[in-house]
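Q: Dock chain to chain to rebuild the complex, using the hints, since each chain is given by itself in its own frame.
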Amino acid sequence: MSVTEYDVVIIGAGVAGLTTGALLAERGFNVALVTTGEPTACLSTGCVDVCSCDENPLTGIKNLPPEHPFHLVDEKTIRQSLNYFQTVMMDMGMPYAGSIEKNRSVVSALGTFKTSCLVPSTMEAAPQNNTDSIHIVTFKGIKDFYPGYIVSRRKNTNFSVFDAGVYSIMSIASRFEDKNFFERFIIWMDKLHIDEDKIALPAVAGLESASEIVNSIAVLMGKPVFEIPTIPPSMPGRRLFDALKKYFRKKGGAIYWAWPVVGTEKTGKLIEAVTTHSEGRPNSINARAFILGTGSFVGGGLTATRQDIMENVFNLPVHISGPRETWFDNDYFSLNHGIGRAGIIVDSSMRPADSPWNNIFLCGGILAETEILKNGCGHGLALATAHAAAQSCAEYLSHEL
Amino acid sequence: MNYEHCIRCTICVENCPVFRVNPDFPGPKQAGPDAQRFRSEKEKAQDEWVFLCSQCKRCEMACPCGVEPAQIILREQQRYGKEHPQTATHLLFANNYYLSALGSLTAPLANKFASSETGKNILRKIGISTYIPFPKFSFRAMRQGKKNLNKGTKKVAFFYGCFINFYRPDIGRKIVRLLAAMNVDVVLPPQWCCGLPALGNGNLALAKYFAQKNASSLSDYIDAGYDIVYACTSCGLCILHDYPGIMEIPQGKKIAESSYNLHEYIIKLINEGYAKPEFGKVRRKIAYHIPCHLRALKIGYPAQKLMATIPGLECEIFDDTCCGLSGSYGFKENNEFTAIQIGNRAVSLIKKTGAKNIVADCGSCRMQLEGLSGITALDPAEILCESLNITNQK
Chain G
1 MSVTEYDVVI IGAGVAGLTT GALLAERGFN VALVTTGEPT ACLSTGCVDV CSCDENPLTG
61 IKNLPPEHPF HLVDEKTIRQ SLNYFQTVMM DMGMPYAGSI EKNRSVVSAL GTFKTSCLVP
121 STMEAAPQNN TDSIHIVTFK GIKDFYPGYI VSRRKNTNFS VFDAGVYSIM SIASRFEDKN
181 FFERFIIWMD KLHIDEDKIA LPAVAGLESA SEIVNSIAVL MGKPVFEIPT IPPSMPGRRL
241 FDALKKYFRK KGGAIYWAWP VVGTEKTGKL IEAVTTHSEG RPNSINARAF ILGTGSFVGG
301 GLTATRQDIM ENVFNLPVHI SGPRETWFDN DYFSLNHGIG RAGIIVDSSM RPADSPWNNI
361 FLCGGILAET EILKNGCGHG LALATAHAAA QSCAEYLSHE L
Chain V
1 MNYEHCIRCT ICVENCPVFR VNPDFPGPKQ AGPDAQRFRS EKEKAQDEWV FLCSQCKRCE
61 MACPCGVEPA QIILREQQRY GKEHPQTATH LLFANNYYLS ALGSLTAPLA NKFASSETGK
121 NILRKIGIST YIPFPKFSFR AMRQGKKNLN KGTKKVAFFY GCFINFYRPD IGRKIVRLLA
181 AMNVDVVLPP QWCCGLPALG NGNLALAKYF AQKNASSLSD YIDAGYDIVY ACTSCGLCIL
241 HDYPGIMEIP QGKKIAESSY NLHEYIIKLI NEGYAKPEFG KVRRKIAYHI PCHLRALKIG
301 YPAQKLMATI PGLECEIFDD TCCGLSGSYG FKENNEFTAI QIGNRAVSLI KKTGAKNIVA
361 DCGSCRMQLE GLSGITALDP AEILCESLNI TNQK
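Protein chains in written order, with our numbering: chain G, 1 to 401; chain V, 1 to 394.
What the hints contain is simulated information worked out from the structure, not anything from laboratory work.
Glycine residues also receive a C-beta, built at the ideal position from the N, C-alpha and C atoms.
Honestly, I wouldn't trust all of these hints.
[Claimed, not checked] Calculated Cβ distances over 10 Å to all of chain G for the following chain V residues: (1) Trp192; (2) Glu333; (3) Thr353; (4) Glu386.
[Claimed, not checked] Below, a list of computed lysine-lysine pairs in the DSBU-like style, where the Cα atoms sit at most 30 Å apart: (5) Lys351/V - Lys246/G; (6) Lys285/V - Lys268/V; (7) Lys253/V - Lys266/G.
Looking at chain V on its own, in the form it has when it is part of the complex (with noise of 0.2 Å):
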């Protein structure tokens, strides 16, 4: 690990947004390099306070020496996880996907129980904040194996992520459609949770058991000349950056050199001629909220690329700003105050702007800002299909 190139100089934890509120967190330069000078293999993971760290990498993208402290951070909540018993709220959390599985088959009845007042007491009960709406599970989810045949000479593997999946299907079909109208061949792969809610809860054997399967599906597909998709930026960024990184995933390499960002490959697609999109008006003002995860993906921001071209379309970009929710970090009852804190600093700041939408390419920083601020959020592929006229409708 690359802690002994850290010159202290506190850059990370000028832009950690942990620590700007929560005090009980040191911070990502005594958390990370610092921290792990004093931590050994042979001694008991002792730092519990690891997981105050919300894995958001601004502290990575800010250091100016290459250090990674959100990943010195994450090994170590693993080891932690590893080595002491794993608490409800993490053990629930890390299996996200089953629990979600189950909330969309019983859609009716657990958007019931979680709106309830009932609902809500019992999930406060188990360390659940439910400062926001918890999100309504949807009856239909994605439809595995499923293909859209276009005739066209490009394929893509569409890995819709487990939010589209449960929560927007709707968003997710768009999508497919989006990219029929690009002319190009869409399948659904079979597909599992990503495994980031596991490692970010410290289950990293749950993780890996996730990315394996993944990795073998969405292997086959390249093998077939597929390209793989991603429209999540969490889920995208623990494709490329955690299967061949922490997980080890032995396809880990081969899966993030043909995996692209849903809006970088439209934009291949219109670089290399493929396809000539004519984005018609959309006469509205935007916030688009970038995600710390598409940041770290250092890809640039494709979504804002296409947008420009949008007539009509005003766009302020916001990335300075954490939604603070992070995926399951803000829905834990210890962490609720940290989420709030750090959202409303972002809901502020784009409340001055009097945008109509927020944009926001995750789903989580979706549901945390709309539920902070009421204002209506939106994921750029929507404004995308606003543009393109595509909607559900047959």
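In isolation and in its complexed conformation, chain G is listed as follows (with noise of 0.2 Å):
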């Protein structure tokens, strides 16, 4: 077995793992990452929301109900974590624009509002209401993206059709990184001679360089210039994905990809080592603790049987909303699905509460009564407990020296 020593691993890639893992290695830890594979932040909007309910995501959080893990960071840590979030996006050349006193919206690919707190800089010029015109900018052949859902919704919105030569939301963001392509996109654009208030694209404008791309459009049309986020593959997505996980590395974080954690190593109350299946032997790696982000189902963080719902990596136990009649809510749309509570419940240092570690630390999707859906909170609560872990975890740390 080859063994290899650490002072945290973290179990997770997602936006939790990645910004404590990158808070970790800040203070001056050795931390190594460990995931299955790429998180379900890549299949996101890219957009943070922080608590959807109310129009001030601060007021919203106060009103979710008390067991909700958003009340165990204070506001100082949620404020802190947010701006935080976005020095590392600015630094990492994709910035990020709104404020934690205001929500604000972002246009859907239905042509409905989505409310967010902080969008990437390529989705700023959303409209905020149904006054402003829009021309939609779509491409030849793309599947994920059908113009005609906005424009039956809102008025004064009209689009056009750029054939870009290729047909995938990937193929045509990566040819917007070629100087050529761009130059017969505006020749092509300049040509339309657009009327209306804005412009909207679908989130196709590049993968590294996005919020320049969109900028230098919106410079050279004279107008604003959005994106619209898309079904996955979603670039705003894999952007933010990409932009923390080269912020983990620039700190000095080691990510080892597809090792899926397959058992544990235990003595008394501590977690001495996480296995994970490779080719050959299996990988050993020691720790002196272990942050758990493996978000809920979808992630795989959790699983759930007929009877059952278990947590994969260390057997927590997973909270769970009742039997499992009331997992499921009779309306399919609904937000009140029980199995949007289940989860891992923590204390107030983030470990989990009901079990013996103590040295695991918890933060994002894999916490109990979150119902992320329902309070539009998904992002901003993995940065929030982030911040809230990587706390707890480095006071352990150095209270264990």
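A: See the structure below:
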């Protein structure tokens, strides 16, 4: 067995895991991150929802039910975590707009409004109401974006179709990084003589340098330009993941891809190591502390069977809304499915409650009572709890020395 | 097969270097789990485009659900290869081992041919692309059976692979000295092509033939108390993953358990207190290109760990970019555009760092990146040797 040693091992490469990792690496700890694959953050719109229940996310958080994990993080830390995120993303060339005091809207691919808090600068110019007229530029043959949905919902909306020569979101996005392609696109756009107030594109404007690309279109066309997030493959989600990953690396963190944890080594109240599958021999990664940021069901942190819900890495006790009948509402589109409350209950130090382990800290979607869909609090909760978990973990590690 | 676990999230598609640049390839999701639902053993294999997959395995590394799109495609490549007549280029590259052996024997002639305009024209005629110089054959290959005795208690059988053997035996000899400097006994066991080129060209039977010969040889050495050490990450992945997997080699599991990446092995020696190398200064900035198949081995980046302990060495990691060559893949004329596009992206990121050397564990990655960038590419073992002052001169 190959043995490796670290101060902290993070399990999960989503917004929560990567942020905790960066924070701990910045404090000088030796950090490694293991993950089964790429996170659900890649599938997200890239927007940071903090709490969509109220115009002011902070008021919204105050009104959440008392068992919601947001209440484990004080307001100062929540503000700090969002500021930190904005600084990081600015540093990585992917600035985010917005403020913690006020939610804003993003136009969805269906022409509806999505409420969010921090949005990529490429979506900053999205109209906040129905008055602005919009010209949508879409691409020939693209399967995952239909401007007709938006046109049918909004007045003063028109669209044009550009032939990029390739027909998938991923290929078009990578073409945008190419200067010649960009010039061809601009010349074509120029000939449209767009009268509308704003120009919209599905979110395909590049991979690494999206905010520069959207900016230059806006400057060249003399009009605000914004991206509309698409269903996966979602470029804004991928850019978010890539940027956080790059930042974590820059701070000295090591990432191990496709290392699903298959076992743990324990002594007393401590987890000593996790073992992961590899070709040949299993790897054993020793650490003094572990961060669990594996997300809920889609992320791979939880698995549901007919009777039970299990936590996949440490087999921690899972909090469930009740017997199976309570897991699902009758209406598929309901926001009140009991299963949205499943997860791990933690104490104020982000350690799992009702379990013996002293050196595991949790953050993000794996937490119980989040009801992320209903409360609109995905990435925001991940950022806030990542800060809380990093803080507790750092205290534990310094105390232990 | 696990294609039913696919939730169609498209994360694999986002990670596919070929899909990015070649619209003819439908991407790992459609070519893998999606198409698999419609394939039947009772029907003839139809999808010739499965050969557009370069088998970099990035889709498998990215999948959050444990689906192995590349493996599904690899199996279909074998099925297609078996049911259809082989093209000349496929046959040539599958038998790369014999060709290279011939090239190595006649090195001065073969090199002259491959670098001359007439030679290039002939190569292009049979569908072999010449955008980067063909690797130079080396007249002196590694000598099998040779022992380097050190009276150490650790014994290593070194699987050097075709690239080192036929093109860069100097690197192979350096690695032998490097291991000897760690007080390890090194032998060069009888060995043949690992089988990966045959597999990549849809020739499972030939791949199995090579694999079985290697397996019998390596297995004997394991029984005699040797650890297997490989330097080429693609040979390594083939031995560890494909021998016990798709090739169903009986000794596969046993060999996988006793085979180590060169740098992984050195770290093991250091951790066990067996070796205590003192790395000297190497003042340089390097760009460490992680070969896709090193990622796929799931052993982390052991060479990077060792290089991190070399004083003065500044190392930037690139593990999000594929070089595009993928062994014989990029040498086929109809993949040339794809390979160059993918490679140029990797090169443009590397050039931004101002690194003096590119470092990569895989010979074909080095060939491609050096060819496209003009920056000298080294094996990480060469950096370690430089740091430990190990040269090939006696």
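Q: Any hints this thing doesn't respect? Which numbers, in order?
A: none
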